[in-house]
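A.B. asks: So the chains spell out like this:
Protein chains: 4
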Amino acid sequence: MTVRVGVIGAGMIGQDHIRRLTEVVTGASVTAVTDIDADRAAEVAARIGATALPTGAELIASPDVDAVLVTSWGPTHAEHVLNAIAAGKPVFCEKPLATTAEDCLRIVEAERAHGLRLVQVGFMRRFDAGYRQMKEVLSTGSLGAPLIVHCAHRNPTVPESYHSAMAAQDTAVHEIDVLRWLLDDEIVSAQVVTPRATSKRFAHLKDPQIMIFETSGGVRIDLEVFVNCQYGYDIQCEVVGEDGLVRLPDPAAVGVRTAARHGTGVLQDWKDRFAEAFDTEFREWVAGVAAGAEPTGPSSWDGYAATVITDAAVRSLETGGETVTVDMKPRPAFYGGTA
Amino acid sequence: MTVRVGVIGAGMIGQDHIRRLTEVVTGASVTAVTDIDADRAAEVAARIGATALPTGAELIASPDVDAVLVTSWGPTHAEHVLNAIAAGKPVFCEKPLATTAEDCLRIVEAERAHGLRLVQVGFMRRFDAGYRQMKEVLSTGSLGAPLIVHCAHRNPTVPESYHSAMAAQDTAVHEIDVLRWLLDDEIVSAQVVTPRATSKRFAHLKDPQIMIFETSGGVRIDLEVFVNCQYGYDIQCEVVGEDGLVRLPDPAAVGVRTAARHGTGVLQDWKDRFAEAFDTEFREWVAGVAAGAEPTGPSSWDGYAATVITDAAVRSLETGGETVTVDMKPRPAFYGGTA
Amino acid sequence: MTVRVGVIGAGMIGQDHIRRLTEVVTGASVTAVTDIDADRAAEVAARIGATALPTGAELIASPDVDAVLVTSWGPTHAEHVLNAIAAGKPVFCEKPLATTAEDCLRIVEAERAHGLRLVQVGFMRRFDAGYRQMKEVLSTGSLGAPLIVHCAHRNPTVPESYHSAMAAQDTAVHEIDVLRWLLDDEIVSAQVVTPRATSKRFAHLKDPQIMIFETSGGVRIDLEVFVNCQYGYDIQCEVVGEDGLVRLPDPAAVGVRTAARHGTGVLQDWKDRFAEAFDTEFREWVAGVAAGAEPTGPSSWDGYAATVITDAAVRSLETGGETVTVDMKPRPAFYGGTA
Amino acid sequence: MTVRVGVIGAGMIGQDHIRRLTEVVTGASVTAVTDIDADRAAEVAARIGATALPTGAELIASPDVDAVLVTSWGPTHAEHVLNAIAAGKPVFCEKPLATTAEDCLRIVEAERAHGLRLVQVGFMRRFDAGYRQMKEVLSTGSLGAPLIVHCAHRNPTVPESYHSAMAAQDTAVHEIDVLRWLLDDEIVSAQVVTPRATSKRFAHLKDPQIMIFETSGGVRIDLEVFVNCQYGYDIQCEVVGEDGLVRLPDPAAVGVRTAARHGTGVLQDWKDRFAEAFDTEFREWVAGVAAGAEPTGPSSWDGYAATVITDAAVRSLETGGETVTVDMKPRPAFYGGTA
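Chains as they are written, first to last, in our numbering: chain A, 1 to 339; chain B, 1 to 339; chain C, 1 to 339; chain D, 1 to 339.
Bound-form chain A, shown alone (with noise of 0.2 Å):
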């Protein structure tokens, strides 16, 4: 049974998750896209034998529609998300759910009363071998319990358009959810401090910043978002147990040895490094659909959190690294909680 995906946002995230559904990913196809850009929709429509529809409502209606994927601009993907609620129709949004808490909580009310849940959020981490080693780990409890967390997210650079508070919201974010998601435990605070600034960045820019959250288990994590680190794109976890750590490896690489040295590639592109998450993503999101099950990756609720976590950073940042406290509604049943 192939799923027909219906695609909101052609842009370049939009189409390589199309190029991911039609080419690398079996049992789905893509029936429909629309965009706001018409031309734009129609030319990628046709160049995969789909239909170019005006409006995201139209898409979500549309019979030849069985899910949908939201890779539009941030601030429509809560309309979008709460028109697919409505039609009964499982659909997965890019980060960020919603650009508001707002708007996240109106999508997990939303679904709550629908029942099921339809919603997966695009946070591929939780994907990646790597982390889902790590979980592994961590749940056999050989480590004991976990106490620390040390993580840095650096990517080469990153254009002028990068501001400081996107360093919480674009860039944590992915810490953010696989985090919680690795040690299965709620962050309560936020604070966020800043070294001096690289040369390298834009006069506007604060980088590197150092995220320090707090569980409500009392774990203590720090992370250090270093967005023009110049040498790669490089990403590292390392969780500190009673009884040992493991740690996040890096992608193997050949190793050289020549002129004196030994080494191997650091990667450039986190399109690369996540490369096999993405589609691991995928993969399992089709097959749910195909299968009529609840999906199983993050939730309206886990989209909420990472809003609000990075809400709270955000403030600390504009605050000058108060320590900030999340402020979060009560996790429903519904979600897993207890509320």
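Incorrect hints may appear among the rest.
Remember, identical chains collapse to one label, so a pair may be satisfied in a single copy or spanning two.
[Said to hold, decoys possible] Computed list of lysine-lysine pairs in DSS-like fashion (alpha-carbon distance at most 27 Å, straight line): (1) Lys-271 to Lys-135; (2) Lys-135 to Lys-200; (3) Lys-329 to Lys-271; (4) Lys-89 to Lys-200.
Worth flagging that the hints you see were computed from the coordinates, not collected in a lab.
Position chains B, C and D relative to chain A; hints supplied.
C.D. replies: Only chains B, C and D this time, still in chain A's reference frame:
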């Protein structure tokens, strides 16, 4: 355009490739299945909505079959491949291409007579990301001319049915193929010597074995084959050139520090080690067939070469470690040679 | 010219340094020993053919003593060091230089009045080959200006007598000294936060602790101190600069593959981890004294700085994690400063 | 009790060992020096307050000399060692013990006649921390019986005076000694094969060479000797046993990430690689002599064995790669054997 594949041989490896073609790789469907065990063929075919056919010949002839996958018992490979060539259909044949050099040559001749390459042999290492990185490094010339290759091929254990000649025929054959490709050079002699045998083996088995190959360019390859190494499935490869060396990476795995040790797990199963290589192998084969292109993977000639080289290794083993010259025909221009 | 050393304090560390001066390092002999326990002094002195003297003052005054080594109980350090300065004799003082900032300043003043540097404080990490390699790399400028330092200092366990303030005073003090030297920068604030405590500790102890230091140049240091990590003695240090990072190596250790694991041992004892650093520290100190040169190791000023910085860290711990400004005098020109 | 050492041969290696005995290792002094170049002897002796003597014989006879260090030209070693045995004085002889098997046997016989071991041969790898860790692991039996050893011995370059036989005599001889000790097994045959030679060599030199040794226990050793590998001085050793393997570590070195690479430096000089091994070698030798104990390092017998094994390797090289049986006498009980 979906490639409709007919599968000859529905045993363990056949079923795994059927899973790959139907669940992992896009662009293909399995439309027909045959097996020496008609019940098994029927059962597997039913599971995926394919037709069970009584013989390979009928399957190859079926108008519902665009391309043929041969995963039957080794001694039957040649007949099916020759039939596929006669039918002008692309055929992917699991290793070995044929069990004798003579049969390999018959295939080579038939394919040349057909005038287009139709055959790909299932040596999957050329599709492994690590080997591909090695080839990329070597092809830049930054390490100078290759001089020496050190390899190890270790399995945790093998069943009692594994006999000493299989170290070359079933195990080393993977290195033989991938090194010919990696070095872009031909193997001209083979020698097999036997160190003290492990006491953890069956009495009939000479394990480990050291195989030494020389290429026409003078590169010397040593390969440790140790199929009862107990600790894991471990593949090592290092090419030493005039200006440096390049080494195959171990698979990425989380590092754990606990109980006075810092370590990572070692894989136990070759199917895990080369899972992605298998996927890539079929993804590229299907894409090529769909495009009507000649295959770019291991050719009939490569299958023939692997057979005559393993023959030489087995002769060396049987003669107590003599260096045996590989008895290979000149490579025809059709396969990139000068003959 | 053999340097005749008098040793004040013949406890465990004193005896280890006596062994080092007599058996490992050339150019020195231990001619006099004193200890609060006169019997122990007599026994140790007899073993090496030295004279046991009743007090530190008499030892310092002895014509058979060219240089003084202070390894007595911390609160007595200041008195001995001041006496040695008064006698114009070189003095190597194990950490701490003194237990209060006031006493450290008295030493600093006395040394300045003397007009030549006589004092070296026993911070041995500056003599570790790995840290020296880091400093060499940083000093080339190839990594740009340092921005962030990540450190961890882990011990397998500590005895019950270890209390929470010792995490700064006894443990982190090593990083405090070596990072001031490595960065050639001064620490201006300290903050100590406490994650969930390990359940493997004594109830009175806050362990682990995270210490955050800022330098006058804006570098931000985070240091995990975890003295009951169970798995080993593990020292990590990574300096992130504008163009890349440099990381302290783990000690070289054989790799073993067996039983499905690939691993190396983790040291358990700090004395093993820094054995060579201690040797180098004394080798260079003895050579300097023999040459009549001022010491090049950690100075009185460094001992004072370490004390006021650990004071700030302890205050932060006691006030629940406030950021505490380090109360340090301006650095006199005598110690390379501008005051 | 200071050991008074007389040094025969004040060239580069002699001067380096004099520095070691006077500046690094405690418990020794150099009291007499001789050299074929009397001016050089006088100059070196003056520098350290020793006496220059005209001949080795006079130096050995001197009442100011407790023990003898032979670092003269190889062909003179046997005479000096025999003289030292005749004088009943401990003698440390740099490799080779003698340049012919016959001369080695004369020394062995003289020492047996003396009735106590006096001779230690300067194979320093047995004192390297990494090899010692390997031996410790192997001796636990946790890896089962050793079956295979893979080694590489690479130098960045060698001068034009280096000829093909020196690959065995000067280079591989270190592995020959350390592997006999590591495996506690005897080498019984040698084979040397020559891959394509590097174009970065002098025309007369066969480089690299692969040496294959077999032990009486059936262990098979392959050793790549590549003395113009360009990239650095690199020593590799891996012992594969029935239940796992152990591998010599690379020297600890800081890791650097910059410019899209993650790497460490590779040492260029064997003196740096084995600096600590040399120090330990002399520290233990001096301590043994001071204690009046027989030496525990490589014996006359080990020097003889190394010579006959390298002879076999050279014969194999000269005969085009034949496997040559090592022509070794039975090991006398005096040296731990059964003859």
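A.B. asks: Provide an ascending list of the numbers of those earlier hints which the structure does not satisfy.
C.D. replies: 3 and 4
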